[in-house]
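Protein chains in written order, with the working numbering: chain A, 169 to 282; chain B, 59 to 173.
Heads up, a few of these hints could be off.
Partner residues aside, some chain A positions facing chain B, computed with beta carbon under 8 angstroms [to be verified]: (1) T199; (2) F201; (3) G210; (4) L211; (5) L213; (6) D224; (7) F233; (8) I265; (9) T270; (10) Q271; (11) F273; (12) G274; (13) P275; (14) G276.
Source of the hints: derived by calculation from the structure; they are not laboratory data.
Idealized CB from N, CA, C, for every residue including glycine.
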Amino acid sequence: DARVTQTPRHKVTEMGQEVTMRCQPILGHNTVFWYRQTMMQGLELLAYFRNRAPLDDSGMPKDRFSAEMPDATLATLKIQPSEPRDSAVYFCASAKIGGVETQYFGPGTRLLVL
Amino acid sequence: TQLLEQSPQFLSIQEGENLTVYCNSSSVFSSLQWYRQEPGEGPVLLVTVVTGGEVKKLKRLTFQFGDARKDSSLHITAAQPGDTGLYLCAGLGGYSGGGADGLTFGKGTHLIIQP
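Let the hints inform the model, and build the full structure from the sequences given.
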């Protein structure tokens, strides 16, 4: 049963520290999304990649967030420096785009910035 | 930014009752999806509706897409405790950020079915 995996599942850090979240998409999926979920804002799209190329990162604060896909099996989301307002659950999702596609979500990384 | 409004935000009912939750937007989406999310997990796709007026059934769940493709509803018949969760609607093909593939989510309906 293929699944999207995310590490770490939980992260507690102090303001100002760098945070790196990792995602392994489902093998064969060529599109990877990063979403953030908070109680106030719900689920919001931060950025997404197709065939490892960034297509849209307009939902991401550019000054502190960066997203990359070093290879087809790894996507990373970095926050530097982290701030308390970044506390949220960060989800990665992957899809094999070709029509009305299903996005498969990982279990998320729960981030708490103190 | 195109918004999806979901109502109600919270709903707690007894096992066996019927319920309907709603998802409304002022914008048109090429398709609309419903997800269910359980605590500590990511959302899981339940259904995708594409055609205006489309009705899809998944066991006791009935999904409808509005004729104008701006709204949708989810009706659950004879709710069971296993239906408890956060139900999210998401629109595809309307994300104002430029990418056509990112989902625009509503904030969800928190549903609790009490035994």
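- Task: For the hint on T270 (chain A), just tell me whether its beta-carbon gets within less than 8 angstroms of chain B.
- Result: OK, holds: T270 (chain A) within 8 angstroms of chain B, min 5 angstroms.
- Answer holds if the nearest beta-carbon of chain B is closer than 8 angstroms to that of P275 (chain A); otherwise answer violated. 6 angstroms, holds
- Item | Status of the F233 (chain A) interface restraint (C-beta, 8 angstroms, chain B) | Given a least distance of 14 angstroms, the restraint on F233 (chain A) is violated.
- Task: Closer than 8 angstroms between Cβ atoms is the bar; does G210 (chain A) clear it against chain B? Give me holds or violated.
- Result: 4 angstroms, holds
- Message: Take the shortest C-beta to C-beta distance between L213 (chain A) and chain B; is it under 8 angstroms?
- Response: Holds: closest Cβ of chain B sits about 4 angstroms from L213 (chain A), inside 8 angstroms.
- Message: For the restraint on D224 (chain A), tell me whether the closest CB of chain B is nearer than 8 angstroms.
- Response: Hint on D224 (chain A): holds, closest Cβ of chain B at ~3 angstroms, below 8 angstroms.
- So, G276 (chain A) near chain B? Judge it on the closest CB pair being under 8 angstroms. OK, holds: G276 (chain A) within 8 angstroms of chain B, min 6 angstroms.
- Message: Hint validation: T199 (chain A) versus chain B, beta carbon distance must be below 8 angstroms. Holds or violated?
- Response: Hint holds; T199 (chain A) Cβ to chain B Cβ min 6 angstroms, cut 8 angstroms.
- Double-check L211 (chain A) for me: the hint is only fine if its C-beta lies closer than 8 angstroms to a C-beta in chain B. With a minimum Cβ separation of about 4 angstroms from chain B (threshold 8 angstroms), the hint on L211 (chain A) holds.
- Query: Is the shortest C-beta separation between I265 (chain A) and chain B less than 8 angstroms?
  - Reply: 6 angstroms, holds
- Task: Under 8 angstroms, Cβ to Cβ, is where G274 (chain A) needs to be relative to chain B, so tell me if that hint holds or is violated.
- Result: 5 angstroms, holds
- Can we keep the Q271 (chain A) interface hint, with Cβ of chain B closer than 8 angstroms? 7 angstroms, holds
In summary, the structure is inconsistent with hint 7 from the numbered list given earlier, while agreeing with all the others.
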